[in-house]
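Novice: Residues per chain, in single letters:
2 protein chains.
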Amino acid sequence: MVKVAVLGYGTVGSGVVEVLSENKELVSKKSGTEVSVKYILDLRDFPGDTYEKLIIHDFNIILNDPEVTVVCETMGGVGAAYQFSKQCLEKGKSVCTSNKELVAKHGPELLKIAKEHYCSYLFEASVGGGIPIIRPIMDALAAEKIESILGILNGTTNFILTKMEKEGADFDAVLKLAQELGYAERNPEADVEGHDACRKISILSSLMLGKNVDSEKVYTEGITKITAEDFAFAKKAGYTIKILGVSEAQGEGEVLTYVSPFFIENSHPLAMVNDVFNGIFVTGNMVGDTMYYGKGAGKLPTASAVAADVIDAARHQGKNVPCYWDEDDAKLADISDASFKYYVRVKADALDELKSLAPAGKLIEADVAGQAGYITEKICERDFVKIAEKLGDKMLGRLRVYSAK
Amino acid sequence: MVKVAVLGYGTVGSGVVEVLSENKELVSKKSGTEVSVKYILDLRDFPGDTYEKLIIHDFNIILNDPEVTVVCETMGGVGAAYQFSKQCLEKGKSVCTSNKELVAKHGPELLKIAKEHYCSYLFEASVGGGIPIIRPIMDALAAEKIESILGILNGTTNFILTKMEKEGADFDAVLKLAQELGYAERNPEADVEGHDACRKISILSSLMLGKNVDSEKVYTEGITKITAEDFAFAKKAGYTIKILGVSEAQGEGEVLTYVSPFFIENSHPLAMVNDVFNGIFVTGNMVGDTMYYGKGAGKLPTASAVAADVIDAARHQGKNVPCYWDEDDAKLADISDASFKYYVRVKADALDELKSLAPAGKLIEADVAGQAGYITEKICERDFVKIAEKLGDKMLGRLRVYSAK
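Sequences listed follow chains D and S, in order. The first sequence: position 126 = 126 (our numbering), numbered continuously. The second sequence: position 252 = 252 (our numbering), numbered continuously.
Hint data in this document are derived by calculation from the structure and do not stem from the laboratory. Check the hints yourself; a few may be wrong.
Stated by the list, open to error - Cross-link-like lysine-lysine pairs, in silico, DSS-like; alpha carbons within 25 Å at most:
#1 S:K29 <-> D:K29
#2 S:K331 <-> D:K24
#3 S:K341 <-> S:K386
#4 D:K331 <-> S:K386
As the list claims (entries may be wrong) - Partial pick of chain S residues on the chain D-facing surface, computed with a CB cut under 7 Å:
#5 N23
#6 V27
#7 R135
#8 E144
#9 A271
#10 M272
#11 M286
#12 V287
#13 G288
#14 Y293
#15 G294
#16 K295
#17 V385
Said to hold, decoys possible - Reference listing, derived: stretches of chain D covered by chain S, where coverage requires no fewer than 3 residues with Cβ under 8 Å from a Cβ of chain S:
#18 4-11
#19 21-29
#20 39-51
#21 299-309
All C-beta atoms in this analysis are idealised placements derived from N, C-alpha and C, irrespective of residue type, glycine included.
With the hints as constraints, model all of the structure from the sequences given.
Specialist: The structure is reproduced here in structure tokens:
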């Protein structure tokens, strides 16, 4: 018998209780033992709620109840969530979480504590919501040297970009719509500036390497500067625009990890991942290209991933489910040393200057009044920055162009 | 330390030896113990081969060597492969296999033997080559009631259909090309008649239900009758043609499992899975739609999946990795009771008759001399068969049209 405590009865937490209850028979069968929720920790009361009687306000009841062996941390944040997770693991209670911020920040430390205390720290729900991606990378592709990961990791920004493309609309208008539909927060910064995607690609990148990729050192660029004109030029040139988390193994143990919006060819499988869907493209040295696709967020998909972790923890009671993510920092390559083709949008009368600065590029023949679009040859980022400086405010926009290595 | 024996040094077997050697450090790290290949069983000699010294011809050496705890069965077939797998499992040696024919035919029996002898029978490589699909269904989606699986499961037929679409070519010409390129066997029946896809969807369907779906009872239709005209009509109507393995949970514990070519809308994520790639679309009651994509065959992708199983077996030495696939037969629904829209191609002068038989359909306005294409309303298969009989040889072709439930 496994008794579960759920920390935080918000969207994901209530989803976890729902999945564990609705699919209880299945969950117990797969766990090899009966699984049930014993406590729900929240500061609030929930009068009339089906699970009202399980609500408690004192974390110590959970911590000191030896019957509770699996804890679902669905609180979010890196304060109390961190303290509670640590204390649970130190007591040998496995922790299953959807908290990408915490996993990105303290993952290796919590994994180490779990290992020392014969329990597990599991976080399938932290990336890609309900899409199986942590386990495929850790288990199914266990024999692979993963060479690169490329992901549409944030549903909000993908929704915004899809709408902008389909309706020729501007960023601000679509953001407002996304907020009205509940797809974007009132303070949308974590999504639109790429921070959410940054945490997720840092987690995936750490798993890919077995070393720690510090999300705070990862170059991150958001989508707030993208305009309807950029989409007009993209379309004409056979591209769409997606914000991608990228991690590419370089020579000598280095990794280039970053978040950036890209021109990506319409023929790339990620180009057709639209709306709130996520898609993660993983390339291994033996298997080649694989892709994982699904809803990257939402109450039940995310809760389903937490529940899968509960099953895994229940199956491995008293044991550690191994995870190869050491505390050693990975060697991060500098994006300034990377080379890209760049899409550049300039005032029409600056086209000749741009052509003289990057002569081997290609004009995009699109009909945008007073503006010109151009795709440069492959240039080192460091050199492109100089070109951009020379153009000054004659350059209206620029995006990296994705091309497979 | 884990010593591995590889049964069969053909394409996949030699790939397994290559992956376990090339990624040896990684494989050992992930296994938590050193993993190395001790024997390779084959009837042939391989003079000059790097691993020549590991080649043996007597299976009993492997069976009676207590040092060998993991065996990779990459022989194929259901004769010796079955006997050898059974004997290994009875001795407590875990077996990792790419042999879909054997898994489809004797899976539940071998899983039961493994469980009784505290070892594992693992078969990630049997479906989708290197694409992680068995583990996502069993582990990452463990808390899900899976409602349907829809897969492009055979690379050869997907290559043929993609070529037919892109080049407007006929089946026979493209099959010949596929044979020349080594994508199709000289005897292509197992692929083009759908038998290979049938075994794979039967395996996935069994895992989805936890009961046995007998592949010999699964309705299977191949692609040999599809013509360039069918593609012309499909294109005009916004579809492409794919052969899909389908498994849909029905009411009352029944499942409808079958293999059939389909008209599928261009906007469906599976429509853009082209060439030798596979794509598997899994819908769960909590997570909604997810998709897995990659190369469904080939030496190294398949070998990589076998090697991932070796790691799993090594991690769980002396224990059984559970798999929910009982020997009880699943209740199979009859495709005759299912309803579909049908695309029907008739001689031009039979169009009125077709319209009178299925009046609520829609004409496809395509320019194919002497022929007409039409998509019917949703009709029970049993009733459609009667319509087809009435049309007799005035009906030149017909395909089911895929629509989500």
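Novice: Does each hint hold? Answer for all of them.
Specialist: Hint-by-hint comparison with the structure:
Distance restraint check for K29 (chain S) and K29 (chain D): the Cα-Cα separation of roughly 31 Å exceeds the 25 Å cut-off, and the hinted pair is therefore not satisfied. The straight-line distance between the Cα atoms of K331 (chain S) and K24 (chain D) is roughly 23 Å, inside the 25 Å bound, and the hint therefore holds. Between K341 (chain S) and K386 (chain S), the direct Cα distance comes to roughly 15 Å. Compliance with the 25 Å bound is thereby established for this hinted pair. Annotation: proposed proximity of K331 (chain D) to K386 (chain S) is violated, straight-line Cα distance about 68 Å (limit 25 Å).
Given hint, N23 (chain S) at the interface with chain D, holds; its Cβ is 6 Å from that chain's nearest Cβ, closer than 7 Å. A hinted interface residue such as V27 (chain S) counts as satisfied when its beta carbon comes closer than 7 Å to some beta carbon of chain D; here the least separation is about 5 Å, so the hint holds. Annotation: R135 (chain S) was flagged as interfacial toward chain D, and the flag holds, the nearest CB pair being 5 Å apart, inside 7 Å. With 7 Å as the threshold, the beta carbon of E144 (chain S) comes within range of chain D, its nearest partner Cβ sitting at about 6 Å, so the hint holds.
Given the 7 Å rule on beta carbons, the hint for A271 (chain S) is violated: about 9 Å separates it from the nearest Cβ of chain D. With a least beta-carbon distance of about 6 Å to chain D, the hint placing M272 (chain S) at the interface is held under the 7 Å criterion. Proximity of M286 (chain S) to chain D holds as hinted, the smallest CB-CB distance being about 4 Å (cut-off 7 Å). Of the supplied interface hints, the one on V287 (chain S) holds, with its beta-carbon coming within about 4 Å of a beta-carbon of chain D, less than 7 Å.
At a threshold of 7 Å, the smallest CB-CB gap from G288 (chain S) to chain D is about 5 Å, leaving the interface hint in force. The closest approach between the C-beta of Y293 (chain S) and any C-beta of chain D is roughly 4 Å, which is under the 7 Å cut-off, so the hint is satisfied. Against a cut-off of 7 Å between C-beta atoms, the interface hint on G294 (chain S) holds, since the closest Cβ of chain D lies about 4 Å away. Taking 7 Å as the C-beta cut-off, the interface hint given for K295 (chain S) holds, the closest approach to chain D being about 5 Å.
Here the hint on V385 (chain S) is broken, as its CB sits about 36 Å from the closest CB of chain D, past 7 Å. With a threshold of 8 Å between beta carbons, the proposed coverage of the stretch 4-11 of chain D by chain S is violated, since 0 of its residues qualify and at least three are required. Here's how the stretch 21-29 of chain D fares: 5 of its residues keep a CB closer than 8 Å to some CB of chain S, so the rule of at least three is met and the hint holds. Check on the stretch 39-51 of chain D: 0 of its residues sit with their Cβ under 8 Å from a Cβ of chain S, so the three-residue criterion for coverage is violated.
Check on the stretch 299-309 of chain D: 7 of its residues sit with their Cβ under 8 Å from a Cβ of chain S, so the three-residue criterion for coverage holds.
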